Amino acid sequence: MSQTTQPKLDLVVIGNGMAGLRTLEEVLEAAPERYNVTVFGAEPHVSYNRIMLSPVLAGDKAFEEIETHGRDWYEDNGITLYTGEAVVDIDRRRRMVISDTGREIGYDRLLLATGSTPFILPVPGHTLDGVISFRDIGDVHRMVEASEKGGKAVVIGGGLLGLEAAYGLHKRGMDVTIVHLMDTLMERQLDPTAADLLQYSLTQRGLSFRMGAKTAAILGDEAGRVTGLRFDDADDSEIDADIVVMAVGIRPNVELAKTAGLHCEKGIVVNDTMQTYDPRIYAVGECVEHRHSVYGLVAPLWDQASVCANHLAYRGHTQYEGSVTATQLKVTGIDVYSAGDFSDAEGTETLTFSDVRRGVYKRIVLRDDRIVGVVLYGDTRDGGWYFKLMREGADVSAFRDLLLFGQAYLPDAKPVDAEAA
Amino acid sequence: MNAVTTRTTCPYCGVGCGVNAVVDNDAVSVAGDTAHPSNLGSLCSKGTALADTVGLQGRLLHPVVDGRRASWGDALDEVAARFGAIIAEHGPDAVAFYVSGQLLTEDYYVANKLMKGYIGSANIDTNSRLCMSSAVAGHKRGFGEDVVPGCYEDLEVADLVVLVGSNTAWCHPVVYQRIVAAQENNPNKKRVVIDPRRTATAEGADLHLPIAPGTDVHLFNGLLAFLAENGFDSDLPGARDAVAEARQMGDLEDVAEACGVDADTLKAFFELFAQTERTVTVFSQGVNQSSAGTAKVNAILNCHLLTERIGKPGACPFSITGQPNAMGGREVGGLSSTLAAHMGFDAAERVQRFWDSPAIADKPGLKAVELFEAIEAGQVKAVWIMATNPLVSLPDADRAKRALEACEFVAVSDCMRHTDTVDRAHVLLPAAAWAEKSGTVTNSERIISRQRDFLPMPGEAKPDWWIVCEVARRMGFGTGFDFDSAAAIFREHAALTVFENNGERVLNLEGLADLSDAEYDTLEPLRWPVYSTEALRAAGAMPARTDSRRLFADGIYPTADGKAHLIAVTPRGPANALSDQWPLALNTGRVRDHWHTMTRTAKSARLSAHIPEPFVEIHPRDAERFGVIDGAIATVSTALGKAHVRTIVSDGQREGTLFVPMHWNDQFAAKARVGALANPAVCPISGEPEFKHTPAAIAPFEAAWHGFILASRPLRLNGEAGIDYWVKVPGERFYRYEIAGLHTPDDWAATARGWIGVGARSADWVEAHDEAAGRYRAAHFDAGHIEACVFIAPEPAALPDRSWLASLFTGEAVDESERAGLLAGRPAEASKDVGPQICSCFGVGRNTIQRAITEDGLDSVAAVGEALDAGTNCGSCKPEIAALIDAHAGE
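Protein sequence lines, in the order shown, are assigned to chains G and R.
FYI, in this note's numbering the residues of the first sequence are 276 to 696.
FYI, in this note's numbering the residues of the second sequence are 678 to 1568.
The following block holds chain R by itself, in its conformation from the complex:
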């Protein structure tokens, strides 16, 4: 069989990279699609590792009802009947859908249609509420519609790129690499990073403003006032008020003090901004996830509107989304605060007419946080969750857990058999996964790309749109859901964007409303608005498109008065202030190589290797003040919950703040769901939660012992005697568990055997014990190959590096010399030890890079790449390589 290449789209962040998936017999490999305009062939570490994630381990492959395997018919009947009964008794607002930016546009469309047009409630909200809704609300207030006016090319053309609340280097690596590459070609191009943390993005930036958490409005109001002082003026609606409000900030010194930054640096930024016509301001979750999120967005938009830097090459405000199809979801209207196709509830009658539906939602529904509160309160009695894991990702996640536990009926569509959320469902519906799904997604620069299936759907898995349509049919709504393909749904979605549009809505897919199935299948990536099929066809092939790269260049906006609006925004602090009890501001976010709740990325050993454990980053002075030590475990707590995580002491973390990543959950750690700690304060306009600021405390986790287990099979350590801290790290042919306990077991051998499940005295078990020193090490072999090993020590630093041990889990027999020294934790020869992984793409370890730097005298990232390949694929690890060069060059 020959290799078959399928052009599809990456399922991770909102950059929306084109991916060529190659299936050669059973082997899957991926490469960047050089023909895709968003990535031009590049992929980041996560995208590069996609082939690692398509395996079936852990997949949900058949429907489950009340814990038992069920037929599709029974499972769908159950969902339809339970929803139907609750609606009949309590009305449409007693049910809800909670969906996801991971759904394809077609899935999203039918879910939205079912809830808003057939059930007749707007209780469909999405995890996009958690990341993008402030941008949506800000865009609507400023522009009249949720529209990103620019494209990635603008980031290259710009002379100044301002990155606000965005660790682009880790969260949108391909876009970041495009910026860095452009900067290499344009020595005058400047990069400014505004972020309380000195992230990987801030490394190498021309300016870094480590502002105090929540002071973005202070900063951009200060900038607006500065711009007004320096000759910028506007007669746009709201401009006068916005500037007047901004002037309340006082002079530059006052702004610097309010933001907690150096006044000279601030001045340099203001001047740079004022002087640079081609300026793009990129913003992301650091702006959006705030109780003042919408105000922050408008504070940024105000500066661009005042300086008329919108719709021009290299000049625009640029919201970069977190999810692969947050934009598609926004386009179909899959938020409880919008109706459909960028129309609000004032268009209810029109949308109902288009749908010819029995009902229509005429008012906004519950937003994510409110929705789970309503579930807990019993107002919402049935919920259907699709493709998301709210028990991990919502703020006050333990409350969400209680809500689901109390909920009368919970249905979950997912591709995984176990997630924190799936484990609480009454009905499980097996959804097709990325490699098996077909449809469209829209990325952060409005490019619609096809996601194409290249693997058969396993077991009984089905596309999400099919599941929704089947439930709708069983609820008696057959006519509205009589779709036989994703293409048919897409055509209807496109038609709705055109329906009675009359130029009022920028979102217009006129040119796509009557695509044939074949045209849909071969659709090239293209950017909306798409006005005419005729024009596309005239150009011969689909890639031809009207120049939709930049919008609003004509100054005409989809508002009532046709103008953009500046919004006067008043700076204020986070919803919950710090106190003596909770003296630190807890911030949450992503790491480079994990995604969301790890259901996909944790299938990849190389992705799991970059940052294996959940951690808290803390400033050295705070660490000293609260007695926590680098490398040890700390307990981070808030009024809502606790997490046990590894401590990283770093002066890149702003004093008075903590950072804990959002990914880890009960499937991968004993207690590291940071969602359970985050306060559910929300932006009053967007409803987006304030993940970036929860008052918190930190204390040492007083472990009596620390250790790790490497095992060829997954272990069940939940509630295992003696283990108070554990983190599961999937590896290549092994699972790694970092563990710790508050009390020392009486009998280490029996305890360790219990963890690994080795009862027989005759088992091939090797152990080394130094009781007085608190050191225990053991390994279990079967037929010569290693099954598991356990290392225990009183201090984390006293444990050996995991990488060499991990390399023994090959499935082959361990040779005798390695066996003899295995419990030493390292090979007899030091040069065999490569150290922890830095470059995920090529699997290059820290020690290897360090040796190349010191022994071969390499002094640049390029030279390291030349010698070791490290950093030459996705480039995500370049900042770390640079840091190693800084630390070791010349040694």
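Next up, chain G with everything else stripped away, as it sits in the complex:
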């Protein structure tokens, strides 16, 4: 093969997270001899599974259990790894990256997998000691440490991450209040019925809620420690807090790309082969904006990694056409699954199932007998199956009457296991 006789090219990966490593794994598998690889990671750790941070916070898993790649993996694959070292500049003309230690490494291909940063509400007091985001293992350590003293935690944000953080802190013995701007939880993933069931279930477990509540300020003492929160309401009500966790969303990390003159909008803009405006530079993961969409979930990241690796390996074209996303809440004993668009849009038809005593609720939204959205609460066994049907655009008219009950009720159905997302 001509591949083996070609000289190796230099591939530099900025970001030691899940998207970068997944792409790298696939490149190594497809074209093991093509690249000399260098990886920069700003965090001091080796790579871990970020989506499993919530179980670590909740004490359901230890950090060691969520590590994905040990240092020996990098060694075995001949990869040069720099951890705790951030790349601060890209010299596209010279095709060099420059790190915060001044290290310069040349590249033939560059992969940006810089991820995202939690969004911090710019309210007064947001820099106080005890205001924590929930993004990396460092944040988890800070929360665990804070929780050891007990006391009150306020989590701002009733989305997926906020609820997982709140649940983790509650399990670690804190008195937790969730503050959410909207009237229902996880409004982007759940319809009001499922959200109400979720809130009821979490309330039963001992969590408190302030719904439709806008934070006016985070309050602190003279030592700069958080003491509470004030709301932007008629009577300027306040609650006490020993820590405040901000989980109100993420921002793609685009500064480096911007500095390098790459076109960015919300994220680093890529085409269907995951190339930025500079064709030598690829980008994948949460830092990316593709067809105006930015993704914060793991499944699209796998899709992107696969396309990107394919291209880097010279394996011909596959195209990334965007992802249909599915969400699962990782709170023990509460099963929530959401995928697609579940709003009652014109031309859609809605199927619902509810079993109040078992705490089960399902909503499937169809358009032209094809699933476009699904919300499952309490029984998510068939989430993967619905998701598969949705992605395939399968016509469900033949078994529409049994759809809500799951694949076990379909004759000759091959079981589809639920995918983690």
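Worth flagging that the hints you see were computed from the coordinates, not collected in a lab.
Please note that the accuracy of each hint is not assured.
Stated by the list, open to error - For each label pair, taking beta carbons as the anchor points, the in silico distance ranges come out as: (1) G/ARG642 - R/ASP1100: 46 to 56 Å; (2) R/ARG1094 - G/GLU462: 52 to 62 Å; (3) R/ALA858 - G/ARG633: 50 to 60 Å; (4) R/PRO1471 - G/GLY345: 54 to 64 Å; (5) G/GLU462 - R/PRO1471: 43 to 53 Å.
Unchecked claim - Examples of chain G residues lying across from chain R (beta carbon under 10 Å, computed): (6) ASN311; (7) ARG325; (8) ILE326; (9) PHE617; (10) GLU621; (11) THR623; (12) THR625; (13) ARG633; (14) LYS637; (15) ASP676; (16) LEU678; (17) LEU679; (18) GLY681.
This structure is a prediction, so every number in the text was calculated from the model and none was measured.
The beta carbon of each residue, even a glycine, is placed where N, CA and C say it ideally should be.
Fit chain R to the given chain G structure using the hints.
Frame of chain G; chain R shown alone:
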């Protein structure tokens, strides 16, 4: 306590099977009585399920006056006083009794005696008028007396059994099984079925002649002419005229055309009949229920008289009655057209002398249809209805309803608290039911059997004879009704049959007229006439009997001239002809597992499972022509009324005709009382209504939705918002409601909760809704067990099978995996689904049988029976199993 077995008699059809009822502590079970000559141990599906029907749910257990509970004394006084007052003011013909072939002979006797001998009117008629009166009239014209000359054994001995207007397989299953079994032992034996419908009886018959409705006289006149052509001759009175009239039919081709049948098949039947000495012609309601019913009966009798096939082994015309004691009723004279004990009104003086009564009816009274017309017209102002449900069973039943609503005084003796008729009574008298009653019945082969009580009378229920005697006493007729037991009444009845008989009447119970109470209690089944007690006693025990199996073998008949008479009968069509507006002939009849107006059979889940819904059967071409679809609901209408029933498209139904079963009524369906559709045209001789031919139309019932509810408790769906069609089907620990509506409710959840009565938001309620597809499903649980479930779909075919869901109503908690999939309407594993029930006796479902046929390669009814027990008890489902084998064998 040890099990106690009581030998009694089945309360269903006129076959009159012996039943052993076993009470073991509180558990009742039944089995066929192997010592009973009529069934020799067999029972049909209905008889087998008798133990299911003895429960007290729905029973009338105390007297009611004007809607309020009353004492017996007050209720009886009220009946006596109201009847007395009306008689005093308007005369005896202003009152009437309407009684029933469900009464025991003793009940019947005292009711007849009270009306004809004490009130002095013959206004006592009976529901037997609706089924047997044409046979009675035909027998009288042909034989001089209402006598069935043969016995069931003749059906076995015969080389040809002709079944006319009789779905014997479903309506008299034990007799049918005796015929089929005999045929298996005698390969030369032939079975011919004459019926517009290809019924279960016609399955497996050697010939089926699907004649046009009402052409029986054409057919048998054709046969009579054919027989005369082929060497049969008779010098009996009327023979010449009858044959001459029959020849008017023309040749065989003409007869075939008149009857709408294939000429070759007709010829084959005629030749078979002519050649076969041992021929029995069985006839039933298909012959009797006609405006030419008596003519049809005589047309049949003529053929037997011409060929001298009466009173010989395997040769006779055989009327099989519909009711358990229609024969007993006929014997005591409980029809308005007879007086008593097979005597007519010419014997009034004699009967009055025997009764020593203050009055005597000297002319016939009103026959059933006339009677209700007279009630509506206000001529009859008080009526006492016993053990029957005329608002369901009469033709033009809505008119009967109006009549009762207008009637000054209505008393009803019944065992049920609510029937369509009971609900219109001023006074309700709680009667003892089958398991609690003691007396005698007579079956279709003249066998008198004891019906014996094996359960105590519940609440304040009393035997019908006691109720009648108490009213008679309160009307001042104490001396004639001073009976202290059924036995005492029976002795008087027997004595009347002997009284000045002098051999003029075949009905003669001489040998039973002085039975002791103990002898009456232990009386074995025996066939009348019974001439001498001495002979019986000499034989040691009661079963010994004179050979009364076959009558008229000597050619001597109870007529003035001592001879049988052929009757010249002129063929004519049904009373009301079809028209553009009413282009179809509506026929009514029974189904296999229900009886009459379902007051008893609907207590049995297994009986209700066979055919759960009222239906209309229609030929495929008619279905297409009128736009009705198999499985959907159709509206059948006549000039008199409408019914909403499920459509069954079948090529077994003759084109141009419809069939709707007679059983369903307002207690079990929103609108399915076919009596309300049937024309009240009657046979001018017998007064029997023409149930088998009413001009009708059919159209689709334009339902916006279809559904069903299963509920652990009965629901009140009458007039419930949104439900335009409902049928109640009792099940094992649940009630099933098939429902449909013309309009879709705005809020399914609220509507469904309303039906089931689940108000609380916190109730354990599971629901699945696909609004755009018109599908709604919900279930209500209480403490883990299922209380109710509702399934709604735009089409009947889109609803799941009911049997698996029904199996969850065990009273036990539903396990979580079943709960999760309950609204899917089926278990996650297909093999758990047994399908709709085919074999009622062993509870074997269609899917189970089908799987056994396809997977285990079973290819005969016997093999299926061997493997699954299905069809091995009563055998009533054998034709259906055979049909499944035909459809699926080799798959």
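These are the hints, each one checked on the structure:
no.	hint	verdict
1	G/ARG642 - R/ASP1100: 46 to 56 Å	holds (53 Å)
2	R/ARG1094 - G/GLU462: 52 to 62 Å	holds (57 Å)
3	R/ALA858 - G/ARG633: 50 to 60 Å	holds (55 Å)
4	R/PRO1471 - G/GLY345: 54 to 64 Å	holds (60 Å)
5	G/GLU462 - R/PRO1471: 43 to 53 Å	violated (34 Å)
6	ASN311	violated (54 Å)
7	ARG325	violated (34 Å)
8	ILE326	violated (28 Å)
9	PHE617	violated (15 Å)
10	GLU621	violated (13 Å)
11	THR623	holds (9 Å)
12	THR625	holds (7 Å)
13	ARG633	holds (7 Å)
14	LYS637	holds (8 Å)
15	ASP676	holds (6 Å)
16	LEU678	holds (8 Å)
17	LEU679	holds (5 Å)
18	GLY681	holds (8 Å)
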